[in-house]
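Trainee: Dock chain V against chain A, hints included.
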Amino acid sequence: MKANERLVYSASEKVTGWRLFIKTILARSYPRIIGQQREKSWIFFEIFMPMLAVSAYVYVYRAIGAPEEYVGFVVVGGAMTAFWMNVLWSMSSQLYWEKETGNLALYIMAPNSMMAVLLGMAMGGMVATTIRALAIIVLGTLMFQVQFTVTSFTQLFAVFFLAMTALYGMGMMSASLFLLLSREAWHLSNLAQEPVYLVSGFYFPIKSFNFWVAAAASFIPLTLGLDAMRQLIFPSGAALGFLNVNVEITVLVILCVVFLIGAKFLLDYMEKLAIREGRITENRR
Amino acid sequence: MSNYAIETKDLGRIYKIRGNKKESQIRKELIALQDVNLTVERGELFGLLGPNGAGKTTLIKILTTLLAPTSGWARVAEHDVIQAPNLVRPRINMVSGGESSGYGLLTVRENLWMFSQFYGMPSKEANQRIVELLTMVGLEDRIHTKSSDLSTGLRQKMNIVRGFLTNPEVLFLDEPTLGLDVGASRDVRKLIRGWLDADKNRTLLLTTHYMVEAEELCDRVAIINKGRVLACDTPANLKRDLQRDAIFEIETSPLNGLTDKMLAEQAEVKKAALTETDGGAKLELVLVDESALATVINILTQKNIKVMRFTKREPTLEDVFMERVGQRMEDVEKEEAPNESK
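The listed protein sequences derive, respectively, from chains A and V.
If you read the first sequence in the working numbering, its first letter stands for residue 1, the second for the next number, and so on.
If you read the second sequence in the working numbering, its first letter stands for residue 1001, the second for the next number, and so on.
Read the hints as simulated data drawn from the structure, not as lab findings.
We put the CB at the ideal spot given by N, CA and C, even for glycine.
Wrong hints could be hidden among the right ones.
[What the hints assert, rightly or not] A short, non-exhaustive set of chain A residues, derived as facing chain V with CB atoms under 8 Å:
{"#": "1", "residue": "Y9"}
{"#": "2", "residue": "P31"}
{"#": "3", "residue": "G35"}
In isolation and in its complexed conformation, chain A is listed as follows (with noise of 0.2 Å):
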């Protein structure tokens, strides 16, 4: 019979190990960096709405005559913001949405690393992002006269780098978190939205908090993240800077580690919870 023929298959050669893990994170991150810009409302959503709020900023920060770096620090903290809505909206609260529509179970189901589909997510959603950020820097610039000195490429990269691996190693650790959490994730998300833009000093520097304040809120990677590129791309920024570049790099660094750790420890456990407990699929229990 024709159609039995074309059901038998010969030998797959299927890949185990690394480069299973590789292909892992590129089909995750496929529906980020490919499906997410055919919905073209990402232009109004994720470019004009923000470019209001630094809009609003510059123009306050003008009309009070504060220093003109001052808009090119509103320029920069509003792309950025772009990178914390999409770890708040789209890591956090990811895997509670996976598991809403029955990806997670196919996701733990198959032969892959659930580390592996989190780090495709996360690139995904990086690259993405990237654009977002990108695009909200080239408008501002063009619209501000923002002026760019920057002191030093490689510390501004590793920066970038560490900060993004940081944070984005804390959307996968709260991912897990929040699927625990189950529906509350949605409320978390919408708590933890506002005072980060407060204390992560998207808009001004976070040396104008008191110390214990801002090294508090410097467990958040964007905050020492966004204080060590003010100070390499604008000449009056390290001044106003919070530590000195170096030792904030290294605190990048840690948190690149205690988070990436912590979203594995915490990927394992919710795993064996949720087969313990059969909360992966049984939304009643």
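Mentor: Relative to the frame of chain A, chain V by itself:
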């Protein structure tokens, strides 16, 4: 190599259900599965037949490594699902009826490709197989359609292709034709049978509450209710036990207070189920022999109930279910539904 694709021994699962905030200390227990002993041979299409809430999905979740049993053990493709899930997972796949997996922004091909990558399939092979399988279920013209634009039935066809795509040794289909129209269900059943017949090392476990589906597709069927396996055999053997009984369907005028209990009290009546219809009623009877029909007709006459039509028919799996459970599956589901909503 063991000849069994699936084995379970005294398998049980108890859920602890949390009460509301006031009774947060009180944890109720729900027995979802109890002492399930099953063996499924390689190459077999095995059906789990039971009403909603019978424990079918719980059993599938245990066998697919998504849920731990609270007692007993289970082996799939020769590996223990709890001790060695990493050896089980590359060999299995699962599709559930009505699932909304994948991402709406991706096309059918992209969604299927993504899932194939989680199993380590080479992209070229995956893409080739996606086209072949979509053609077989009549979905080839939708290969570049975003999955959010698919109807429920077409989406389910895509999910079914996802299950076959990775060529698993053991495939679990949980109510695969749920919500599909007659034509789509037929296409899916054809693919299921074709896939299994193409390679004798493939095994398929299917859960359904459609009797006809179980009867048409399955080599063997286990009837499951309230977490227990009540019978397990080929559909023919299960029905053979009922061959000596006489099974009648009688259409009557309104029942005038007659209940199925009144009929079942008669020694010659093994099972009776009454359903009220528009302007009348339908009686389904399992009698010890044909002569017992006279007793039933007498009772109907005494109650002033007119017989409009009656037919004698061959036993079906529905009759087997009624014989084993004491109720029709439809009635069990009606009873369970209010309990679930509490």
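Trainee: Now look at each hint and say whether the structure bears it out.
Mentor: Against the structure, the hints:
1. Y9: 5 Å, holds
2. P31: 4 Å, holds
3. G35: 4 Å, holds
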